[in-house]
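Novice: Each chain, written out:
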Amino acid sequence: MNIFENRCAIHPRPQGDEVFWHSSIKRAARGIRCRVLEHTIKNNGGYLSQACSSAEIFASLYLKVMRLGSVPSPITPSSFPGVPGPHNSGYFTGADYNGPKDKDLDRFFLSPSQYSLVLYATLIETGRMDPDGLEDFNKNGSVVEMIGAEHSPGMEVMSGSLGQGISQAAGIAMARKLHGETGRIFIFMSDGEFQIGQVWEAIQTISFYKLLNIIIYVDINGFQCDGKMTDVMNIEPLEKRLEAFGMRVYRIDGHNIEALVSYGEIPSDGRATVILCDTCPWKDIPLLKSRYPKFHYLRFNTEEERERYREFLSQTNGNTIKSSRKKPCRMGKKQA
Amino acid sequence: MEILSKVHAKNLVEWAKNRPEVIVLSADLTASTEIDLFRDTYPERFFSMGIAEQNMMSFAGGMAREGFYPFVHTFAVFLYRRAYDQIAMSVAYPNLPVRMFGFLPGIMTPGGATHQAIEDISVMRSLPNMTILECGDATDVMSVLDVAHTVKGPVYIRMLRGEIPRIFNTPMILNQSRTISTGNDITVLSGGICTEEAMRATEALKKQGLSIQHMHISTLKPWNDLSVLEAINSAKYGVITMENHSITGGLGTIIAEKIAEYGLGKKLLKLGLKDTFAHGASKAYLMKEYEIDAMSLIKAVEKMMNISLKITEEELGKIYLAPVHSKAKAEAL
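Chains as they are written, first to last, in this note's numbering: chain S, 939 to 1274; chain B, 305 to 637.
Heads up, a few of these hints could be off.
[Claimed, not checked] Computed list of lysine-lysine pairs in BS3-like fashion (alpha-carbon distance at most 30 Å, straight line): (1) B:Lys592 / B:Lys614; (2) S:Lys1115 / B:Lys592; (3) B:Lys614 / S:Lys1041; (4) B:Lys603 / S:Lys1115; (5) B:Lys510 / B:Lys603; (6) S:Lys1148 / B:Lys321; (7) B:Lys456 / S:Lys1039; (8) S:Lys980 / S:Lys1148; (9) S:Lys1041 / B:Lys603; (10) S:Lys1115 / B:Lys314; (11) S:Lys1166 / S:Lys980.
None of these hints come from the bench; they were simulated from the model.
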């Protein structure tokens, strides 16, 4: 089946029907890849491999695993409110896109902000952000920043400096525990972050204080800025290392929707949970494989290369447009 | 001079009694930063974070976002040097009310270069949203919690411990210096432990007929103290700053900036570590070696006024020297 079938339609949150949520997640994952691909072609650059590897993780979290408050209608991003400080009363974070906060609702933390584009695409696919919002990406004065900050859609802490997201989320998890809140803390992490000392400091703290309200999903795509992780700085065997630190660890196929959903729903056994998701950084966009071993950021080397991606997108376009209901994304121009 | 022992330890317990939102984080220096009594009194509000300052700072930021007031305690160096990026992004950027208690500022420890926070003011002052306070006596240590509590954003405090003299009868107030002596030949501006040291010298200078304005600076950022500007403006010969810190980026630099900004056109002599690291030795030895002792202030006055005063060490008031080994401290550091 072509990955771009039913692409870019807006998918409502599943209502409990097993078949329905599975297909919703599948469609949303395709939509995420599609939007990021379209964006990458248009802007001659983008974090495309991150979309390939993590689309199912994001879609599963947002459509099934996490209990988030609903957003009445897709939010149109406001302009940058200025940095926080004593004289800025109009400051806001991007947490609104994840719905209102409540003691029994979950909270989401994107740890590697380099995945922001994937998160924005997810918010669009799940009806939380207006599709036009992506037009603001990396534009002056916009909150839809390339490396998202806490004012960016779907975000509420500063996590662009890798390794700090988990510690901040752990502090929030501790605070929620002390306040008797039952909502959980979901943290999306990348495998590269496990090279960072602070991450292990945070893991030992989560384990020591039994912060069982934390569930971490890790995108193990095996690549980082400089190339293959095992060549840059090995972190494996990651599951054994994490287990030795006192975590409950599952290692799954990160494109398997059933696994992504079911392992996130197993009640805690007294340890906080880490779900290691093995993924493929060129999943469903085989053209990208030629970039091996450098996938961190895709910028087209030649106009011909860009054209190949454009053709790849347009070959699927006809199918997609027919089946899209609202606001299909379309290369090069905005759909009315 | 009255000497008090373990001032912070007792004061924090009393101060936090009816403030359940105040929590304390420790990085394996619980007794050394005088939070052992807090731990024993309010164990449910005490969090041992281990020797892991980077996680501790980001974790504190997370707790502050949920309504807590994290009071982070460790030696000053391990806060700003080890966890600078975490302070910047997890605490300062979001302007969160995390209180950082940095112990052993400057050359106060025989622990040597690894333990001596000699550029903390300089580094922390560069951070937007950061407030910086420095304690110089027991009254400062007791009142700094109230001052910090009025600040919505993060506060970094150069803290004192163990046996501490009481110099002031009035509490620390944000952005208000305290005048120790008045005069118009030279204005001496000191902070932290240098104030007590400067007082030895100013007494001797006054006996020689000199007119010295001496002011104690406890707020380093934000800096907005008009009384100090007036004192600078009325100093006939100039201004001398004296700080337990590098002369780059600390009190001396702040005053230099203000003199230039306000066009005061006064000479400035900066006493402090002259762009150098220090080494492990006693506080008294290091203050003399790095010229932040009373005699160095006398020499600076002589230089600025181009006079010779012939004051001897014996004439300088006896300063209280806390013993290196004492029951008031957990270790000899």
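Novice: It remains to establish, for every hint, whether it holds in the given structure.
Specialist: These are the hints, each one checked on the structure:
no., hint, verdict
1, B:Lys592 / B:Lys614, "holds, 18 Å"
2, S:Lys1115 / B:Lys592, "violated, 51 Å"
3, B:Lys614 / S:Lys1041, "violated, 72 Å"
4, B:Lys603 / S:Lys1115, "violated, 59 Å"
5, B:Lys510 / B:Lys603, "holds, 14 Å"
6, S:Lys1148 / B:Lys321, "holds, 27 Å"
7, B:Lys456 / S:Lys1039, "holds, 22 Å"
8, S:Lys980 / S:Lys1148, "violated, 46 Å"
9, S:Lys1041 / B:Lys603, "violated, 64 Å"
10, S:Lys1115 / B:Lys314, "holds, 29 Å"
11, S:Lys1166 / S:Lys980, "holds, 27 Å"
Going down the numbered hints, you'll see the structure goes against 2, 3, 4, 8, 9, while the others check out.
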